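Each chain, written out:
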Amino acid sequence: MRAWWRGTSLVAERGLVENVRSRSFKVVTGLLLLLSIAAVTIPQILSGGGTTYTLATIGKAPAQVVAALNAAGKSADFTVKYVSRMDEAAIRRAVRDGVATAGLAAGTLYTASPSAGTFPVMVAQAEVTLETSRQLSAAGLSPQQVADLQSIRPPRQVIVGRVNDEGRAAAGLAVGIVLYLALTFAGNAIATTVATEKSTRISEVLLAVLRPSQVLVGTVMAVGTATLVQLLVLATPLAVAVQVTDKIGVPTVAAGDMGLAVAWFVLGFALYAFLFAAAAALVNKITEVSSAITPVIILLAAGYMLAVTVVMSDPNGGWGVALSTFPLTAPLAMPIRWASGEVPVWQLVLAMALTAATAVLLVWVASSIYRRALLITGHRVKLREVISSRPAS
Amino acid sequence: MGLRIHDVAHSFGDRLALDGVSFDVAPGVITGLLGPNGAGKTTLLRIMLGVLSPDRGEVLYDGRPVGEQDRRHWGYMSQERGLYPGMPAGDQVAHFGRLHGLSRRDAISRAHALLAELDLEDRWNDRTDKLSGGMQQRLQLATSLVHDPEVIVLDEPFAGLDPVAVESLSETLRLRSRDGRTVLFSSHQLDLVQDLCEDIAMVDRGRTVLLGSVARLRASSGRRQLRLHVEAPNHDWLLAYPDITVVSDEADELRLAVPPGIDPLEVLDAARAAGQVVDFGLDLPTLSQLFLTAADQTLDPSGVR
Numbered sequence: 034m035r036a037w038w039r040g041t042s043l044v045a046e047r048g049l050v051e052n053v054r055s056r057s058f059k060v061v062t063g064l065l066l067l068l069s070i071a072a073v074t075i076p077q078i079l080s081g082g083g084t085t086y087t088l089a090t091i092g093k094a095p096a097q098v099v100a101a102l103n104a105a106g107k108s109a110d111f112t113v114k115y116v117s118r119m120d121e122a123a124i125r126r127a128v129r130d131g132v133a134t135a136g137l138a139a140g141t142l143y144t145a146s147p148s149a150g151t152f153p154v155m156v157a158q159a160e161v162t163l164e165t166s167r168q169l170s171a172a173g174l175s176p177q178q179v180a181d182l183q184s185i186r187p188p189r190q191v192i193v194g195r196v197n198d199e200g201r202a203a204a205g206l207a208v209g210i211v212l213y214l215a216l217t218f219a220g221n222a223i224a225t226t227v228a229t230e231k232s233t234r235i236s237e238v239l240l241a242v243l244r245p246s247q248v249l250v251g252t253v254m255a256v257g258t259a260t261l262v263q264l265l266v267l268a269t270p271l272a273v274a275v276q277v278t279d280k281i282g283v284p285t286v287a288a289g290d291m292g293l294a295v296a297w298f299v300l301g302f303a304l305y306a307f308l309f310a311a312a313a314a315l316v317n318k319i320t321e322v323s324s325a326i327t328p329v330i331i332l333l334a335a336g337y338m339l340a341v342t343v344v345m346s347d348p349n350g351g352w353g354v355a356l357s358t359f360p361l362t363a364p365l366a367m368p369i370r371w372a373s374g375e376v377p378v379w380q381l382v383l384a385m386a387l388t389a390a391t392a393v394l395l396v397w398v399a400s401s402i403y404r405r406a407l408l409i410t411g412h413r414v415k416l417r418e419v420i421s422s423r424p425a426s
Numbered sequence: 003m004g005l006r007i008h009d010v011a012h013s014f015g016d017r018l019a020l021d022g023v024s025f026d027v028a029p030g031v032i033t034g035l036l037g038p039n040g041a042g043k044t045t046l047l048r049i050m051l052g053v054l055s056p057d058r059g060e061v062l063y064d065g066r067p068v069g070e071q072d073r074r075h076w077g078y079m080s081q082e083r084g085l086y087p088g089m090p091a092g093d094q095v096a097h098f099g100r101l102h103g104l105s106r107r108d109a110i111s112r113a114h115a116l117l118a119e120l121d122l123e124d125r126w127n128d129r130t131d132k133l134s135g136g137m138q139q140r141l142q143l144a145t146s147l148v149h150d151p152e153v154i155v156l157d158e159p160f161a162g163l164d165p166v167a168v169e170s171l172s173e174t175l176r177l178r179s180r181d182g183r184t185v186l187f188s189s190h191q192l193d194l195v196q197d198l199c200e201d202i203a204m205v206d207r208g209r210t211v212l213l214g215s216v217a218r219l220r221a222s223s224g225r226r227q228l229r230l231h232v233e234a235p236n237h238d239w240l241l242a243y244p245d246i247t248v249v250s251d252e253a254d255e256l257r258l259a260v261p262p263g264i265d266p267l268e269v270l271d272a273a274r275a276a277g278q279v280v281d282f283g284l285d286l287p288t289l290s291q292l293f294l295t296a297a298d299q300t301l302d303p304s305g306v307r
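Going line by line, the protein sequences match chains A and B.
For the first sequence, this note's numbering begins at 34 and goes up steadily by one.
For the second sequence, this note's numbering begins at 3 and goes up steadily by one.
Simulated from the structure, these hints should not be mistaken for lab results.
Take the hints with a grain of salt, since some may be wrong.
As the list claims (entries may be wrong) - Result set (SDA-like, lysine to any residue): computed pairs, CA atoms no more than 20 Å apart in a straight line:
1) B:132 to A:51
2) A:318 to B:264
3) A:93 to A:161
4) A:59 to A:330
5) A:93 to A:144
6) A:318 to B:215
7) A:59 to B:82
8) B:132 to A:155
9) B:132 to A:50
10) A:59 to B:81
11) B:132 to A:56
12) A:318 to A:332
13) A:59 to B:87
14) A:318 to B:131
15) A:59 to A:161
16) A:59 to A:233
17) A:318 to B:246
18) A:93 to A:155
19) A:318 to B:81
20) A:93 to A:143
21) B:132 to A:258
22) B:132 to A:125
23) B:132 to B:89
24) A:59 to B:90
25) B:132 to A:233
26) B:132 to A:229
Computed from a prediction, not measured in an experiment: that's the story for all the values here.
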């Protein structure tokens, strides 16, 4: 086992280095990073941050109003500009012409329309607070008592409901989407590596030192790691944005659901990766890769479509149960079905066990194809040839 | 000691590729596995390397059946290029060294030494697919020798090489053989490797047709030819040797086939008695001539190949 692992990790190490060095990896990773940064920053730039309100007053705005509005602006993310006018008429003009959002003069608040948004309300609120404290002081309260009265806040709001189903469903769907995208990229890389080894006959030299399972598992590990790096690149700006501001709409997901999502991703990735590897072992020339892996891609796409349509609409119907148990569709269908919250645990465990067992079986099948297909060159190997007991030469 | 191939048979479907091949490869004796295309050479080498399993028979090393562990200490160069096209040349050699069990440091230092020996030291960082065909061939040799294998098996190492490359590869193999390594290579270009092999195993249609030391096989074959330039009026002196046949008779060269029972020196003496011998020589058969004779004898009774 240790020898098996040593050889496998050498294959994986070489594959990873070659993968990461390749131009396509750099280009794709760079694009993903740009895409991810854009996805996080563009909505920010378009929607928020930059809201600015303007308040017109006669002369300089009262310091207490400025302080109250600036404090509100900090918590609600807006900035306030202050413009001064000579008299009330000038303030009316400024508000009417849109130079100022609101105007304040001699106890009157000017706005451009009856419903001018939240800013005039805040200005009014600030004025009311100031006037209240002035009157409280006049009534003989000490400054401390006035301050205490002003610091009264509405009750704190704490959300104690269960993690909402929308969040769970989003996590389930995300597994499907991420798995589908990751496999589309990674499947191609795995198939190309395997087909390169076969078409350049490196496989023959490798098989004198290694077992086919070492070559295949090592290759899948290498491409899997590279894909993981790309996914992390894709996720990092999002994670940073979530840390820095709290305005990104990531649904809250329970840790258990997150763990399940990761487990399904790993299982689904392994399963399809070995399918891609087996398909690629059949080709003779590197140019045949795309046609050889088409059936696998169709299978993957069909599984995803069925999961999104059939399982989403009726998670616990006969089809839903069947699709979420059948190993080739389970990694795509079960996370979505699990979000419905009505899946018995034994079904989940069964589906995971079946998927894992199928992945192991596929390693064996792919290894056997790899070894047999090696001896057949000059034409695209038919599946029948490698399955029959003796390959024809 | 060495390698023993014992009664190995293998068939692909209905086609019999190997039909009970047996021979030995001794350490320090460069051995050629020779035969025409399709004779079963590659199949046999693949069986030795464990890439294929034989239907019958076994491969022994030092008297024991060869296992996976033994093969890790072997070096194998396949017929077609088994190199990663996008990998730098040096990394490639080091990688194969590590696959054969070397530590990273050992693998890198041996790869450097080997590339220097094979005249590729300044190509360490070059992508493999940017190297010329001859360089790739040498690089492939380096990947199979990097772990200093006890047993070196090469499938058609000379195919497509120019004469200079043939000579330098031969020298590399002679060096390893002199160090006591077991060297076996296959070739269909019999005359090209005639000078390199000490022992041969010649196969045709899955059977061994000729075995043993090249020098002895050539000397003891019945196909020696005596080449003479005699200034004699006629060939009457030849009448004393009815078994000798005239192969060709030109103005300055008389070519005689001397059967095994007759001493060529005796014939030379008779020629000298008849006239002045200006030039002479004894030609042993080439490996391809030996092969043709041997293959003829093993033809099916029906004569159908």
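TODO: Enumerate the violated hints, using their earlier numbering and listing them in ascending order.
DONE: 2, 4, 6, 7, 8, 10, 12, 15, 16, 17, 21, 22
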